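Could you put the whole structure together from the sequences, leaning on the hints where they help?
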Amino acid sequence: MPIVVNVDVMMAKRKMSLNELSEIVGLTLSNLSILKTGKAKAIRFNTLEAICKALDCQPGDILEYVSDE
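So in my numbering, spot 19 of the sequence shown is number 19, and the numbers just go up one at a time.
Don't take each hint at face value.
Pairwise CB distance ranges, derived in the manner of DEER restraints [what the hints assert, rightly or not]:
#1 K41 with D8: 11 to 21 Å
#2 G26 with E69: 29 to 39 Å
#3 E23 with S67: 17 to 27 Å
#4 N46 with E69: 16 to 26 Å
#5 D68 with E23: 15 to 25 Å
#6 G26 with D68: 25 to 35 Å
#7 E69 with E20: 30 to 40 Å
#8 E69 with K15: 17 to 27 Å
Just so you know, the hints here were simulated from the structure itself, not pulled from any lab data. Remember, it's a predicted structure, so these values are computed and weren't measured experimentally. Where is the CB? At the ideal position from N, CA and C, for every residue including glycine.
Here's what the structure looks like:
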């Protein structure tokens, strides 16, 4: 998939665990794990906003386009 999710990279930079992010954002560990591993098919803007706020980053820090070529 050409969209890469870098939530794990930003979590490492902020020294934040999945449990901490889950509590702050209000998502289950399961849903965050699916997003973190890149298995998610979609993300709601309010979820993206909450993650960006919690990690003090921009959406482009989390989502990256990588060409299949």
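Going down the list of hints, with the structure as the test:
Taking the beta carbon of each, K41 and D8 are about 18 Å apart, inside 11 to 21 Å as hinted. Taking the beta carbon of each, G26 and E69 are about 38 Å apart, inside 29 to 39 Å as hinted. Take E23 and S67: their Cβ atoms lie about 36 Å apart, and the range 17 to 27 Å is violated. Checked against the hint of 16 to 26 Å, the pair N46 and E69 fails, with Cβ atoms roughly 33 Å apart.
Look at D68 against E23: about 36 Å separates their beta carbons, and that is not inside 15 to 25 Å. Taking 25 to 35 Å as the suggested C-beta distance range, the pair G26 and D68 conforms, at roughly 34 Å. Between E69 and E20 the CB atoms are about 37 Å apart, so this pair conforms to the stated range of 30 to 40 Å. Taking the beta carbon of each, E69 and K15 are about 35 Å apart, not inside 17 to 27 Å as hinted.
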